[in-house]
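A.B. asks: Chain by chain, the residues:
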Amino acid sequence: MQRYSIFSIARNALTNHKNWHTAWRSPEPKPAYDVVVVGAGGHGLGTAYYLAKEHGITNVAVLEKGWLGGGNTGRNTTIIRSNYLYDESAKLYDHSVKLWEGLTGELNYNVMFSPRGVMMLAHNVHDVQVFKRHVYANRLNGVDNEWLTAEQAKAFCPPLSIDPGARYPVVGAALQRRGGTARHDAVAWGYARGADARGVDVIQNCEVTGIDVEGGRVTGVQTTRGAIRAKKVAIVAAGHTSVLCTMAGFRMPLESVPLQALVSEPMKPVFPCVVMSNAVHAYLSQSDKGELVIGAGTDQYVSYSQRGGVQILEHTLEAILELFPIFSRCRMLRQWGGIVDVTPDRSPIIGRTPVENLFVNCGWGTGGFKATPGSAHVFAHTVAKGEPHPINAPYTLDRFKTGRLIDEAAAAAVAH
Amino acid sequence: MLQIDCPFCGPRAEIEFRCGGEAHIARPLKPEDASDETWRDYLFQRKSPKGVHFERWVHSHGCGRWFNAARDTVTDRFLAIYPMGEKAPSIEELKARLPDVGSPRHAYAENRVAPERVEGERP
Ligand SMILES: Cc1cc2nc3c(=O)[nH]c(=O)nc-3n(C[C@H](O)[C@H](O)[C@H](O)COP(=O)(O)OP(=O)(O)OC[C@H]3O[C@@H](n4cnc5c(N)ncnc54)[C@H](O)[C@@H]3O)c2cc1C
Ligand SMILES: [Zn+2]
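The listed protein sequences correspond, in order, to chains A and B.
Numbering-wise, the first sequence is residues 1 to 416 according to my numbering.
Numbering-wise, the second sequence is residues 1001 to 1123 according to my numbering.
To be clear, the hints were calculated from the coordinates, so they are not data collected in a lab.
It should be emphasised that the depicted structure is a prediction, and the values quoted were computed from it without experimental measurement.
Virtual Cβ for every residue (Gly too), placed ideally from N, Cα, C.
A couple of the hints might just be wrong.
Facing chain A, according to a computed beta carbon distance under 10 Å, are these residues of chain B, among others [unchecked claim]:
| id | residue |
| --- | --- |
| 1 | R1012 |
| 2 | E1014 |
| 3 | F1017 |
| 4 | D1033 |
| 5 | L1043 |
| 6 | F1044 |
| 7 | S1048 |
| 8 | H1059 |
| 9 | P1083 |
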């Protein structure tokens, strides 16, 4: 791997930048691998990276039906935070935030992690009670989160309207200063480059069309580029997890729905942090390019259409303008959707499946970007050892049978 | 936004409806005897297919009545609408009415040649 540094930039400038290597190879699939990862999103690529780096398993392929990072990794609004309510969640998401903090150095790739603070607005007594409960629960778990008055919230984010006459007046906010955003594509690219350098084959335009199971044990996959044998298979396919698990012969507690986002025309820096409002359902930040990045809600029905209904956009923009009247003249440039796999308790599933040596990392739904490094790290451990890492031990598929849910659905109402 | 053909009121905008999720999931008849697996299947397991999905809708801001629908989750096109309590049409039957259900490329071509109108389909 060619390392990126000020010296390599200078050196390559001398040769008119003609000697840069490609960041990763485009290999042909081999007939067999120790581990086949299905899905080259951030979680899948990260899994391959940590398998190679931390567990010495380098005979690994990551199979991707489209282009790497073209799934939800490249479609999300990049909010990163770890102020979840339950102990299990705090451990998992904070593990991830800690990895984000060193990820650019770890990968020698600028993932543009920007801990600019994530502020969640409270609009009524219920919000205040719930968020204060979060603040205290988070502190007990060593996760930073603090309570702000409406005036303090306004000082932290000047474009915010705290007009008490508003339809949904802001009465306070919870702020996680370590939260923020990162560059979505860069995470996929950085992990792909790091994994490739350690011998992992990242194979794009290779759709898995079947999963071979013999005697309750996985033996390989069928793909649009031929059959590939594998000792272990790891499904990290976000919205397509149900489709893949059906191929392996079992059902999942998941529903796939479109979630959409949109961006405005670029503007000068005006919005210093991330603001989320669960009550009016809006979340907003400004990218380094200057676009407002706005997340909207999910459609109400199962769909793989990657589009999203227009009424949902309208609803979100109404909410945004209620909170930030300053943006009323701002034009929207682009809108898109991603297919998110939602679990009944809004927590992910990371672990074994009814088929031996077949593992799954899914159910991140509307909020798994923030978890990318942590999820990949503990999942690589799970796949390598056949046993979960202590952090993901509670996130079994079995919990939907035992009833030991991690109910962030009730806790957060909405999660990103 | 979808246009949904309420069997009682006719075609209306999706915002008048709520989707009730996967259809034909029966509550265990003898709850006290149901195993943990049975409860899991009833409460949590969902098909979430890429292709034909059988689901329930309610015209909550209209007549208030429930009905079942078969919809292609790739194109979001409604393929059939049928009463609550009735058995789902077979996927084969639906496929015969609209060949190659599940392929967006095909549906796009279908749209351009104005297919024969299917009940509940978006015009
Ligand atoms: C609009 C939107 C906004 C969001 N906002 C946030 C946010 O602010 N913060 C946050 O934390 N999370 C957010 N999320 C959620 C987040 O994007 C996801 O949880 C996360 O990116 C999932 O990463 P992944 O690597 O698991 O999945 P993906 O990036 O979707 O990767 C899965 C890959 O699997 C591939 N695949 C599927 N089927 C097959 C097959 N049969 N064969 C081969 N490959 C296959 C897909 O093509 C895809 O590339 C948002 C999501 C959306 C859609
Ligand atoms: Zn009606």
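A.B. asks: Decide, hint by hint, whether the structure agrees.
C.D. replies: Here's how the hints hold up against the structure:
no. : hint  : verdict
1   : R1012 : violated, 13 Å
2   : E1014 : holds, 7 Å
3   : F1017 : holds, 8 Å
4   : D1033 : violated, 16 Å
5   : L1043 : holds, 7 Å
6   : F1044 : holds, 4 Å
7   : S1048 : holds, 4 Å
8   : H1059 : violated, 14 Å
9   : P1083 : violated, 19 Å
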